[in-house]
Amino acid sequence: MSEVAARDSSAVRPGFSAARVEGQVEKRAARRYRVLEIIPGLVTWMLILGPIPLSLRYPQVVGWFVLCFDCYWLYRAAELAVSVCISFRRVRRVMAIDWRERAFALTDPQARYNELPGLIELIDRRVEELRRSGNDLAARGGRREQQRLLAERRDLGRVLRLTASGEPLPDPRQIWHVALIPTYTEPYEKLYQTVKALADSDYPRDLKMVAIITRETDLQGRENVVRLREIFGSSFRHFFHILDPLEPGVVVGKSSAMAYGGRWLYRELSELGFDPGKVIVTDLDSDYRVHRQYFGYLTYTFVTDPDRHHRLYQPIPMFHNNLWQCPLPVRLVAVTTTHVQMWRHLTPERLVSFSSYAVSLRTIHEVDYWATDAIPEDSRFYWKSFFRYSGQFHSVPLFMPVYGDAVRARSYPRSLVQQYTQIRRWAWGITDIPYYIDNALDHSEIPRLQRITRLLSLWSDHINWAVAPFVLMFGPTLPLLLNDSFRPTTLGQQLPVYAAWLLTGALASLIVLVFIEDQLAPPRPKEWGIGMKMVSWLQWLCLPAVGVVFTNLPALDAQTRLLTGRYLEYRVTEKT
Numbered sequence: 001m002s003e004v005a006a007r008d009s010s011a012v013r014p015g016f017s018a019a020r021v022e023g024q025v026e027k028r029a030a031r032r033y034r035v036l037e038i039i040p041g042l043v044t045w046m047l048i049l050g051p052i053p054l055s056l057r058y059p060q061v062v063g064w065f066v067l068c069f070d071c072y073w074l075y076r077a078a079e080l081a082v083s084v085c086i087s088f089r090r091v092r093r094v095m096a097i098d099w100r101e102r103a104f105a106l107t108d109p110q111a112r113y114n115e116l117p118g119l120i121e122l123i124d125r126r127v128e129e130l131r132r133s134g135n136d137l138a139a140r141g142g143r144r145e146q147q148r149l150l151a152e153r154r155d156l157g158r159v160l161r162l163t164a165s166g167e168p169l170p171d172p173r174q175i176w177h178v179a180l181i182p183t184y185t186e187p188y189e190k191l192y193q194t195v196k197a198l199a200d201s202d203y204p205r206d207l208k209m210v211a212i213i214t215r216e217t218d219l220q221g222r223e224n225v226v227r228l229r230e231i232f233g234s235s236f237r238h239f240f241h242i243l244d245p246l247e248p249g250v251v252v253g254k255s256s257a258m259a260y261g262g263r264w265l266y267r268e269l270s271e272l273g274f275d276p277g278k279v280i281v282t283d284l285d286s287d288y289r290v291h292r293q294y295f296g297y298l299t300y301t302f303v304t305d306p307d308r309h310h311r312l313y314q315p316i317p318m319f320h321n322n323l324w325q326c327p328l329p330v331r332l333v334a335v336t337t338t339h340v341q342m343w344r345h346l347t348p349e350r351l352v353s354f355s356s357y358a359v360s361l362r363t364i365h366e367v368d369y370w371a372t373d374a375i376p377e378d379s380r381f382y383w384k385s386f387f388r389y390s391g392q393f394h395s396v397p398l399f400m401p402v403y404g405d406a407v408r409a410r411s412y413p414r415s416l417v418q419q420y421t422q423i424r425r426w427a428w429g430i431t432d433i434p435y436y437i438d439n440a441l442d443h444s445e446i447p448r449l450q451r452i453t454r455l456l457s458l459w460s461d462h463i464n465w466a467v468a469p470f471v472l473m474f475g476p477t478l479p480l481l482l483n484d485s486f487r488p489t490t491l492g493q494q495l496p497v498y499a500a501w502l503l504t505g506a507l508a509s510l511i512v513l514v515f516i517e518d519q520l521a522p523p524r525p526k527e528w529g530i531g532m533k534m535v536s537w538l539q540w541l542c543l544p545a546v547g548v549v550f551t552n553l554p555a556l557d558a559q560t561r562l563l564t565g566r567y568l569e570y571r572v573t574e575k576t
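Residues 1 to 576 (our numbering) are what the sequence shown spells out, left to right.
It should be emphasised that the hints constitute simulated quantities derived from the structure, not laboratory data.
Incorrect hints may appear among the rest.
Unchecked claim - Below, simulated DSSO-like cross-link-like pairs (lysine-lysine); rule was C-alpha separation at most 27 Å, straight line:
| hint | residue 1 | residue 2 |
| --- | --- | --- |
| 1 | K278 | K384 |
| 2 | K526 | K196 |
| 3 | K278 | K196 |
| 4 | K208 | K190 |
| 5 | K208 | K278 |
| 6 | K208 | K196 |
| 7 | K526 | K190 |
| 8 | K384 | K27 |
What the hints assert, rightly or not - For each label pair, taking beta carbons as the anchor points, the in silico distance ranges come out as:
| hint | residue 1 | residue 2 | range |
| --- | --- | --- | --- |
| 9 | R205 | L243 | 19 to 29 Å |
| 10 | R263 | G529 | 30 to 40 Å |
| 11 | G531 | E115 | 48 to 58 Å |
| 12 | L455 | E271 | 37 to 47 Å |
Built from N, CA and C at the ideal position, the CB exists for glycine as well.
Using the sequences and the accompanying hints, generate a full structural model.
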């Protein structure tokens, strides 16, 4: 008997086939994965229910925990307000730049770098003339343009140092963009606006492509694509229509549609002679409208990034297309979602792909496309890529908006139900935790500290999502109601007071968010009277209640479903 056979028990045990060994391994892996699925929901419910028995025996522990948690939320609220302000300023600065011109200047960065000092000096003289003539408004505009040129020169200096070190700079005229749009039951009018925004973007027609995915059985969707191709076909280098046959064994939803569409797109573009490393694919939801400068900004960022094939480029989703036509609770959810994404853009280590994002076709192929067995398509693609590249994959924030629709169904009550369902689907990202742990255990090449910190970041977001309102609302009163001996203590008497002050400070950050959102949001409808306008200002007072019902409860629902094995099915959010 060979040494290999001696070590392999299946070689010496009669009737013990390799298939049986494989089956047992799969069963053990499935049991391990199921345990990992149970843990997140179990921890969440322990945090929610744990203070009840603790209040009976150790009320001081509960009291200090509540105060620490309230302090943490005061910090988080202040951080959110400051981050939204900073992101807002960056978005305005980015949107004011002609990114098409800046991107194509990279064909000869040295020439542009040498040209800029003369332009800056010319503007400086003109600004001085305007200031002396008393035209301060025009002078301030000139100063802003001067600052933009100085920033461009600093960026070009970095690019030139990069090329001097031997890093090749791709030709921006050889970078092609594809908007990959999965659709199902979306009305024609919605798709029309999405494709029109792509066609109207300030970028050469020969460098833009669009690919719309419809199911083979979606006859109305197929007809919509035919109509759109007739209108906008000449606005793109290629206008592809991908028919998804719904392959056996997939979890029906956006992720499986993107997986099929991505494979189709790779084959088609390879046959047409395109280099996948020079094709940027934007995963674009069917109700999203890109900014006119989106492709220029993305090209510039991609070309100047030396690790571009280990990166995902995330714009800021702003749900403003139909903001003033939505029910008040839906409007608040849409606004707060935008603010959270603006905050995440300042913390790239916590930034995970959300909704619509861009990545090179070469990267998509190397990570084996999107998952066909997952509902949270965006975050799962990020973590799949993270492990494929051994932790060297990261998101790059793009301070450029893409404008999406908030939830709006055929009736007010149905809109509320659809909003709850959408947030629950987003919260189904809790399934990323068992996926992450399972893969982190198998990828020892990733530094242990990095694996732990990324897990804690991911998990803490989901815990806060589901647990926070219960601690903030019931935490200060729970030990007082359940333990009479705790009430006369100093901590017992002061706990509600301290908690109230801390939460008041946290809510005060709303003033900043209200001001920023008023700058971001589209103008209120002209036909609105003073009453409706007042409601749109006072709506923020409803945020705590709306947050609990339409944000926290869906998250708890999703985690409980995963805990009990009642898996979620993908449902398309209704947006009329």
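Hint check results:
1. For the hint linking K278 to K384, the alpha-carbon distance of about 22 Å falls within 27 Å, and the restraint holds.
2. A distance of roughly 25 Å separates the Cα atoms of K526 and K196; the hinted pair therefore holds under the 27 Å criterion.
3. Proposed proximity of K278 and K196 is supported: the alpha carbons are some 24 Å apart, at most 27 Å.
4. Between K208 and K190 the CA atoms are separated by roughly 20 Å; this keeps the pair inside 27 Å, and the hint holds.
5. At roughly 12 Å between alpha-carbon atoms, K208 and K278 fall within 27 Å of each other, so this suggested pair holds.
6. As the CA atoms of K208 and K196 are separated by approximately 13 Å, the hinted pair is consistent with the 27 Å bound.
7. The hinted pair formed by K526 and K190 meets the criterion: a straight-line CA distance of about 23 Å does not exceed 27 Å.
8. Under the criterion of a C-alpha separation no larger than 27 Å, the hint pairing K384 with K27 is consistent with the structure, at around 23 Å.
9. Checked against the given bound of 19 to 29 Å, the beta carbons of R205 and L243, roughly 25 Å apart, stay inside it.
10. Taking the beta carbon of each, R263 and G529 are about 53 Å apart, not inside 30 to 40 Å as hinted.
11. Range check, G531 to E115: Cβ separation about 56 Å, and the 48 to 58 Å hint holds.
12. For L455 and E271, the Cβ-Cβ distance of about 41 Å falls inside the hinted range of 37 to 47 Å, so the restraint holds.
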